[in-house]
Structures are given as structure tokens and as C-alpha cells.
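Asks: As they're listed, the protein sequences go chains H and W. Those letters in the first sequence? Residues 1 to 302, by my numbering. Those letters in the second sequence? Residues 1 to 335, by my numbering.
In case anyone wonders, no lab produced these hints; they're calculated from the structure. Take the hints with a grain of salt, since some may be wrong.
Keeping only pairs whose Cα atoms sit at most 20 Å apart, straight-line, the calculated SDA-like set for lysine to any residue is [as the list claims (entries may be wrong)]:
1. W:156 / H:289
2. W:175 / H:141
3. W:328 / W:170
Which bits of chain W does chain H cover? Going by a derived footprint, with three or more residues having C-beta under 8 Å, they are [stated by the list, open to error]:
4. 66-73
5. 168-178
6. 183-195
Going by beta-carbon spacing under 7 Å, a handful of chain H positions derived as facing chain W [claimed, not checked]:
7. 155
8. 191
9. 219
10. 292
Here a beta-carbon is modelled for each residue, glycine too, at the ideal position from N, C-alpha and C.
The lines below spell out each chain.
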Amino acid sequence: MFSFSRYFLKSLVIVVISISILVAIEAGTLKNMSEVKWLDVLGEGGIFLMTLSWLVAILVSRPAGTVTNYLVLGLLAFLTSSLFDLCDEFVRVSSSNFLSWFESLPAPVGLLLLSYGLYHWHREQMSINEVLRKREYGVREYSAIDPITGLYRGVYMHDFIKHQLEQRQCDFCLAALDLNDFGTFNQHNGYIDGDRFLRNIAELILMNSRLNDLVCRYAGDRFIIYLPSISIEDAEAQLQQIEAAIANLSFKSQQQQTVTLQTVSCVLVQCSDSDTVESLFFNITERFERLKTASQRELRIA
Amino acid sequence: MLNSRHKSQSLTPALLASVAFCERFSLSRRRLLHGTGLEPIDLHNSQLAISFEQQRRLFKTISQLRPEPDSAFILAEHLLYEQANLLASLSNSNRLGQALRILNAHCFRYSPLMLAQSFITAQRVEIYYSPMFDIPSAHSQFMAEFQSYLLAHTLKRLTGHWVKSWFNFSHARPKNVMEYEQRLGTRLQFNQPAFSVVFEKKWLNFKFSEVNTWRARRVISEYQKRDDGLPTTPQLIMQLIRNERFSNLEQVADLLGMSKATVKRKLSDYGLSFQGLHDSVRKHQALHWLQQPGYSNEQVAEYLQYSDVTNFRRAVKRWTGYTPSQIKQLLVSWT
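The shape of chain W in the complex, shown without the other chains (with noise of 0.2 Å):
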């Protein structure tokens, strides 16, 4: 059931994206594909399909041939216009919560680069980003942009609305904080532990205008049987790693039935290592019940299998630059 064949969709929505945004701004093609190896002419080749480093690169590339303030924001514009289609299928669904849950197993399609972890509390939706690569900081912002336009505006797309949206972020104030203003609003915050979007529960529940329910069975399943939306490799390590507590290679090896170096392999494909992936997945854990109104960092180091607190502190300092406790004093200035 492992889908190792993400290569092999036809021409990727980032590199369509990528090469209308050139085409927008009159760059030229080969400096954009320059490092990918790609070559303008393989663009006619309808059944190109890009890497996750090729992807990588092109946004890179991208970020620095167009050094502008909306450049992330109108690339991840682009994005949504070529996931159209898949964006009309999903209206057919019945609610907002179902069409998130498909959009997320076609998660490395739909927004290319980033892991998405979410947590559904009472009155919350809360949805934890990391980047798949090794990604330095000023791109890490770039990507940021990108990402928080790209939910932002699905959320629009999909119900109609203006989704009223809480956006965390971990660089500082930028200079360009005025572009945020205009596409995401007002609930900014700066300096954050980590990159987190945050949205009401209740949209959770919208319906559709037009559903169809015959049309929407065919469309929902259309989609859940067309093998690119089955979990991938890192999504299935990531469940096995948050609700199994698997903290070691061995033991995931072992499940899957693949020996070490297979999924270390796999894994590098998405520009992931095991340690990383673990790393992301614990740090969103404890971000998000340390905002958990009554539970003691005491409760949150035990929930997350650390023997004492003093450790638990120095994992949650080296992944945020935070201590719990100012974590706590942090999310609580904005809820």
C-alpha cells in the first residue's frame, strides 16, 4: 500500500506554477530550470514529472530572480490556479472537513515542500508546518509566505469565505509585513516557536452549496483510489511516530516490512531523515499541548515519554529556541 511513485504524476502543478510565474514576469526559462536539469525543450514533454530536490530548486531559483515582497504570495497564486480542478472536485464533497482530509493525503502534490501536522482540539483546528528540506532561513520565509497563502486561500476557494485565521510565524517581523496584511488579515504573529496556522473548529462543518451526493461519492472515491492519494512513506512514519510513540528506525523498519537503508532511502527522496521527521513530529507535540490550558510541562514530558522534565526542557529549547514555560507565556498572549 506504500506509494513510492509520487515521480510519476505527469507535469507537477509546482513546475506549471514555476514556469507561469516566469512567464508572468518575462524571466527567462533556462535560468529558472538552471540546476535542475531540466532543459526548456522537456517542458513539451506533457508526462515530465520533477523530483522533490528539482522542486526545491525552482522555488529557490524563483525566490532569487524575482527578489520582490509578493513573490512567494503570487507563486503560491499560481499554484492554486493550476490544483483548479482538484479544488472543483472537492467542493463536491460533503463537508470542509472531508475535503481537507483528502487534500492532505495528496498532500506532496498539493502544497509541494512542507510537512503538515494538524491537531483538532475542542474549538480549534491547529496545523504545524516544517519544510522537508534543510531549508535556510531566508528561504525558510519564502516558504512560509508561500504556505500560509496557499492554506489561506484553499480555505477561500473552498467555502466562499474569508476563513478567519490565526498565522504564526518563527521569522521575525518582516519589512513586507503589509503584503501579509492584504492576503492573510490581521492575525499575525512574529517570532513565533514554530510555523503554525490556526483556524475555528467549526468550518470543519460547511457544507457545500451544490452537493450532489451521487456525484459526490464518485468524486471522493475517484480520488481515494488513484494511488497518489494513499499515504506516502513520510505520512505513514509520521503516524507511526505520533500515535505509536516509535522513536527509532528499527522499529519502523520492522513494521514495514523494509530494512533500514530502504527507508532511509525512501525518506530522502522527500529530503527527510528519520531523525528529522521524528524531531518535527515531537516538537509539534509539544507545542500543542503545552497550549493545552491544564496540563503542567511535568504532564506534557511524561505524555511524550521523556524520563525527566529537565531533558523534555532542553529537547523543546534546542527545536524552538523556547523553554515551556515561555512557550506557554507566549501562546497565551495571543489566544
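In isolation and in its complexed conformation, chain H is listed as follows (with noise of 0.2 Å):
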């Protein structure tokens, strides 16, 4: 099927409704205020109005496509049988007319169109999960995605540790990767580019993590990667991989300049049987907060 444009769609739907009131209206004759049942009215009008705000939704929220299309054009079908419905009870017509035809043949064919549609948006919503591998792991918390670099923050590292934990699953180990001097290349560089830059790190890490792996941005710029069923050397090896990588990165800046520099640190704990997310997590500040001390230059106080 090839792919309405959402413009099309939108144009389309405004353009059944007028017409579906039009023909409703020249079809039969007005009902007086007195004959018109105000509770049927107010039952039809909320399903009518119901069906139009999810077709809203959609087309506010999913792009163009397949998926779209089915479900745009099976919900304005509905959409055609209850406005019509709801017409019924302002307009008299004779029972014999083409318009009672208008009023239950839609239906039906609109929500077949929307099965099929929502078969379709199954099968997408499969691939989109094979591309959001990594990312996240069983639970889509929307709110706890970080735009900038796309990946879940810290908080949703920290409830699926838990809940590991909880299932007594702790074969595993966390690595964490901070960018060294990340606020001097915001400086120099600019923040658009800081984010810019960010969500290539993200990608960066993403690339050399495994599949059943899963990466988060844990705040700022450090990243967090839970390494399920790997020992701690393989674990170190794969670090060393990322950082390698991340070294090796020659980022164009929005002045076309080339910026390589980020050393990034890292630490790797092991999860053991006396663990919780806190203490995990603390330890890992703590191994940060020990480097940034460590790499210090003597202190000059006298």
C-alpha cells in the first residue's frame, strides 16, 4: 500500500466529516427541539467525539505509513457511521432511505480496516524493538528517557537493578564511563555541540555493547552498561573496547573544526550476592570521585 502523506489524511478527515453532515442534512428534514432525546444525543456525540480525538492522536503522533493509514481510514469509517448516528437524532428521514445504509455499513468495514491496522502496528512495534535493543530492557517508562542522547536515564537503570536483584539475578556486572573535562569542551565548543556530542558517545557505547546488554546515560556525562553473565576480565576487555573507541573519535564541531580529546574513566564493579542497587551504585561514585582525586596535581596549601 503505498503511503498517504499526513497532510492528505488530515485534509481527508475534515473533508468526510463536512460532507457526511452536508448529505445528512439535505437528506432529510429537521427534527423539532421537542422531538429530539437529549440523552441519546449525549451518548452518540461522546462516542463520535471520542473516536475523533484518537484520530487526532494519531495523526499528531505517528508518521506517515502503513500503519497510519489503516488506522486513520478504520477509524474514520467509525468515525462516519456515529456521526451519522448522531445526525439521526436532529434530521428525520424515511426509513427506506439511502442514508440508514450510511449509518451501519461503515462501521463494520472501519473496524476490520483498524484490526488490520493494529495487526500491522504489532509487526512494526516487533522491529522497533529489535532497534531499540540495548536500550531498554522489557519496560518502555517514556518519561524516563533522556532526550538528548536517547537512552533511559540513571532512574531506570537503578528500578531494573532493583528488580534483578529482587529476582535474585546477580550475574552481572555494571560498568560506568565518565568523559574527563566534559564542562572545558561545552566551554569551548558550545552546548548544542555538547549535546551533539553526547548522543555520538551514546552511539558509540552502543555499537560496542552486546546485544543483551543495556546502556544508560546514569546523569551528566557519565554512562552507565549493565554486562548480564560475563566475567570481569571479558567485562574489562569490552570497556577497554568502548574506550578505545571513544578516543578515537574525531567529532566535527558546528565550525567544521575536528575535536578529538576525550579521555573518558572508567569503572567496573561486580555485582555480588550481598548487593543493592544503592550499595552498586555508591560504589561506583565513590571509584569516580577516587579517580578525580587521584589524578590531581599536588595541592599548593600551606
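Put the complex together from the two separate chains, hints included.
Replies: And the structure:
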């Protein structure tokens, strides 16, 4: 099926609704106000408005494509039925009129289209899940997604590991990376490049991770990787690969300058039976802090 | 010598930082300025100065426009960038202690919306903060995040080292604690009687690397000469309450040669009242002395001029939600 543009679909919705109302008014005679059953108007009007709001939601949130086409066309057909149903309350129609066809026919067709669309949506979702692998682990919480890197935030990792530990699954390592002097990078290149750079780093880490790993942005310029069923030596090796990849990244800033800078600090912890998520995170933070203070030049304190 | 011209500085760093923040995350300037009485076009006026009330609104709007877990920290980062010149000049001072003294004189410009009170003991520097306006608790967490980042990274910027600090927050352990850990380190305490930051005293003696004494003297005197470096009304009154133990508005007004109404008006520019200022100074003094080893509740009560321990206990409980004995236990647990 070729895909309609979203603009076309939006226009289609407006045109169909307008035509339906015109047809309904032309084909029958208006009722007196006293004949209108307001309870029916309320029920049928409610169905119409809800369907319309779903339609709008799909149109504003989904990109154009097969799934969107089916969902919109299906809902639109259903909407037409409910619109005629609603117009029925205000317009008197003789029973033999072709209008009753409009009232009953589009709804089942629409629901069929909608179901077919949902089937495709399922398939689409499966392929998106595949794309999102390494970024998420079974649970989708859009509010925890960091908009800059597209990774989940530390909160997601926190809750995920907490859940793993509750399931008594503690055969994993946690690796964390912290960019050195990222503040200076931001100062020299600006935030827009800084954020773009972070996104590149996120991609690099994802590329260098295994299929079952989970990568999150811990906070700021710190990333954290969940490495299940791995020996500490292998984890070490993988971390070194990531470090090398970042060291070899030549970032192109907006002024077309090539910036290669980043050295990273890395920390690796292995989970043991007695660990809690707090103790693991505390451990990581503390080891970063020790790295920071160890690399400092001698203090000039007199 | 009183400086009431705090409104007359050109483009306040807080405003610049807020605008930069909005630019970074593509938020609309119109919505940022909503409620401040400013229009986007006003930003082109380089002489624009804003009041503390306007600053408060800006920060509040930012926390609502971008309710992400790291917004306060990022806003503080922007404020630091806006103050780069001030920081660069300060590293011409002799030692960190001197730089911090100058910063404190500029505190309303440097760290807006927070009143700081510091105590220096044999081992440590304790800085207590209280918000200038009556800030609802949801927003006070934002302000605490903001202020703690500002201090920690000012120290880092000035010294080039990671200054090990202890952060005590009055709010409960938040969901976004990872943001704290990444930016502030591991020494975090929550549910504390007051918001404070502590670091080792030895840092005050930190010597800056490229001290050129002649240049240093010039820069420092430059900053000390500027009239926004003079103590402001709230700072003076805080000193009077702290050192001279003034406890009512009449005494203060008499000493400053102003009417009570004038003092009140001057304080309200900062979102303060005399009673609020008095309480916050006393609260921080109480907290400081309660954690000094070898001081009993009775001694602290007497020092703070309470007629009896019961009154003192009641006051402390009202300020912090903890009794003096509980505070002693809390503080023992982390020191």
C-alpha cells in the first residue's frame, strides 16, 4: 500500500466529516427541538467526539506509513457511522432512505480496517523493539528517556537493577564511563555541540555493546552499562574497547573543526549476593571520586 | 554605606543564564518571561536589570517548563558560565579564603535567591543556606540542587581540584539522586534539619597558581570598590543578629538610622522579613553549636539567649522539625 502524506490524511478527515454533515442535512428534514432525545444525543455525541480525539491523536503522533493509513482510514469509517448516528437525532429520515446504509455500513468496514492496522502495528512494534534493543529491557517508560541521547536515564537503570536483585539474579557487572573535562568541551564548543557529542558517545557505546547489554545515561556526562552473564575479564576487555572507540572518535563541530579530545574514566563493578542497587551505585560514584582526586596534581596548600 | 542599588546592575547573570537555558532546550522566551512583566524585546536592552522577585519567577518558570531531573544543575552550570569573568578575576586573589570572602560580598549577584551563613571551625567550613522567599517545598528542592552545584563547581573552577564536600539536604532522598552523585559526589545526606554544605578548612589556604601580587591587589580592590560589593541590608542585619544578638526590629532600625518601615521595605525587596531573617540566623547558629563536641543543649540555649531549655527545644523543633537531641544524633552519624 502506498502511503498517504499526513497532510492528505488530515484533509481527508475534514472533508469526510463536512460531506457527511451536509448529506445528512440535505437528505432529511430537521426535527423540532421537542422531538430530540437529549440522552441519545449525549451518548452518540460522546462516541463521536471520543473517536475524533483518537483520530487526532494518531494523526499528530504517528509518522506517515502503512500502519497510520490503516488506523486513520479505519477510525474515519467508524467516525462516519457514528456521525450519521448522531445526525439521526436531529434529522428525520424515511426508513427506506439510503442514509441508513451510511449509518450501518462504514462501522464494520472501519473496524476491519482498524484491526488490520493493529496487526501491522504489532509487527511494526516488534521491529522497533529490535532497534531499541540495548537501550531498553522489557519495560518501556517514556518519562525516563533522556531527550538528548535517546537513552534511558539512571532512574531506569536503578529500577531495573533493583528488580533484577529482587529476582535474585546477580550474575552481572556494571560498567560506568565518565567523560573527563566535559565542562571545558562545552565551554569551547557550545552546548549544542556538547549535546550532539553526547549523542555520538551514546551511539558509540551502543555499537560496542553486546545484544543483551543495557546502556543508560546515568547523569550528566556519565554513562552506565549493564553487562549480564559476563566474566570480569571480558567486561574489562569490552570496557577497553569502548574507551578506545571514544578516544578515536573525531567529532566535527559546527564550525567544521575536528575535535578529538575525550579521555574517559571507567569503573567496573561486579555484583555480589550481598549487594543492593544503592551499594552498587555508591560504589561506582565513590570510585569515580577516588579517580578524580588521584589524578589531581599536588595541592598547593600552605 | 548601605547599598540599595542592587537593582541597577546591567543584565543580571541569572537572567542571562535563564535565557541561555531556554535557548539550549528550544523553550520559548515569551513563556520564560511570563509573569515577570518583561517582554522578549526587553532582552535587547543591555541595561536591563531585574528584581529578586523577577529572578524567583524566572527560576520557577524554568523548573516548570522543563521538569527534567537535571534542570536545576544545568541552570546552575549556565549561571557559572555567565560569571566566568568574575571567577577568572577571583583566581587572582591570594588564597581561596580571600576569593570566597569577595564572593560572599557579591552573594546576591553570584548565588541569587539564597542567603548564606558560614561558620569556620578548626577543621571545617560549614555553609548554611536558606531561601530568600517563602518557597514551596517542591521548588526548594530545585533551589537546593541549584545552589549545591553552584558552590561545588565554583570551588572546582577556582582551584582546579575536586574539593571534597559534604552536602546535607533537608528534603528526602529524591528519585534523581544519580544526578546528585554524578555532580556532587557520594557525600550526600537527606532529611537533614537544614540545607548545608561542608568542606575541609584546609582549602581556605589553597594558593592560586599564577598569583601576581600586583595584579591581584588591583583586581581585588576593583571588586571591593564596586558598590555592589558592599554589604547589603540583609547581610548587615544578619551580622547584627549574629554578632550583636539583636532580636528586634527597633534595635536594628535605630542602629542603622532608618525608620522601621524603611528597613522592612528594604528587606522585602529581597523577599525577606526581619522575623524570617532572625529565625534563619538563629536556626543555623543553633545547628552549628549543637554539633560542636562538648556543648550541651543547656549551653547552646544559654548562648542563644533562651531563658530556658524548654523554649529553646520548642524553637528548634519549629525551625527544623527535630529536637536538639535528635539533631545531635543525626550529626554524629555522618561526621
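Asks: Starting from the hint list further up, note which numbers the structure goes against and sort them upward.
Replies: Violated: none.
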